[in-house]
Amino acid sequence: MHDSILHILNTTKTRVQDLGADVHNEDPQPQFLKRDFIAAVAAVKADGRMPVIAEVKPASPGKCFRDISPSAAAELAWEMEEAGAVAISVLTEPGIFRGSLENLNAVRRTVCLPVLRKDFIIDRLQLEEARSDLILLIAGILGQELDGFVDLALEKGFEPLVEIHNREELELALETDTKLIGINNRNFDTLKIDLATTEELLPLIREYDLDHGTSHIIISESGMNRPGDIRRVMQAGADAVLIGSALMESDSVFEKTKEFVQSVCWRE
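Here the numbering used here is used: the first residue of the sequence shown is 91, the next is one more, and so on.
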């Protein structure tokens with residue numbers, strides 16, 4: 091595992107310790123109604139557009155894109171929604187990625203789309219911090235605990251998106267009840283990106299579903315910078331893509347999101 095990832099995990103452990111045993115949701119939203127991501131993906135594909143999860147991403151390891159306050163996060167998410175995104179991903183890791191729960195809550199209040207909380211979840215207390223429609227669970231970090239975290243997420247009303255990087259992590263994911271599998275094209279050891287990761291792992295999921303009578307929504311993550319990249323993972327069988335850096339680096343988040351959404355045609 092790359093030093094940057096290990097650093098994030100260490101700071102996350104400290105962050106969790108600071109939560110304490112009495113953590114509670116600052117914005118409990120008693121009438122919270124989960125927005126259906128799976129139905130949203132089906133609707134976008136039926137409309138002939140690419141299901142793009144657009145990400146509010148202030149920074150990544152070694153690169154800062156822009157400072158994003160809660161109001162700015164809400165504005166960006168609104169632009170992404172107007173451009174046709176299927177869902178919004180919000181970074182909440184406050185150190186390397188400079189995200190926040192405040193950004194997450196502001197986005198969820200602003201848009202009508204499903205919202206994904208993207209963070210390094212390592213403790214059950216983190217599932218008490220804030221509400222979101224989807225929550226990222228990283229197989230390479232949770233290991234044998236993944237199944238329990240998926241069950242807990244489902245129990246608490248989240249749709250878990252299980253992220254994998256290799257065949258070993260895929261095996262762990264397929265042993266859970268998740269309906270969503272994200273294939274991260276970024277290598278956890280080197281941080282290098284290769285879209286061939288999606289091309290290698292995706293057929294294994296389809297084969298598993300065929301053999302077991304199951305059905306997974308497969309999302310390709312990282313490394314999509316141009317429409318041709320999206321067409322490549324779509325041809326490999328991806329149901330959706332998650333894009334952050336390319337949007338944050340663009341002059342117009344609206345236009346760039348729209349370009350990606352319209353990059354393929356699902357209709358024959």
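Please note that a few of the clues may not be correct.
[As the list claims (entries may be wrong)] Computed list of lysine-lysine pairs in DSS-like fashion (alpha-carbon distance at most 27 Å, straight line):
1) Lys103 / Lys346
2) Lys282 / Lys103
3) Lys282 / Lys124
4) Lys246 / Lys346
5) Lys246 / Lys124
Derived by calculation from the structure, the hints in this document are not laboratory data.
Only a predicted model underlies this, so the values are computations on that prediction, with no experimental measurement involved.
Hints, one by one, checked against the model:
no.	hint	verdict
1	Lys103 / Lys346	35 Å, violated
2	Lys282 / Lys103	25 Å, holds
3	Lys282 / Lys124	34 Å, violated
4	Lys246 / Lys346	34 Å, violated
5	Lys246 / Lys124	11 Å, holds
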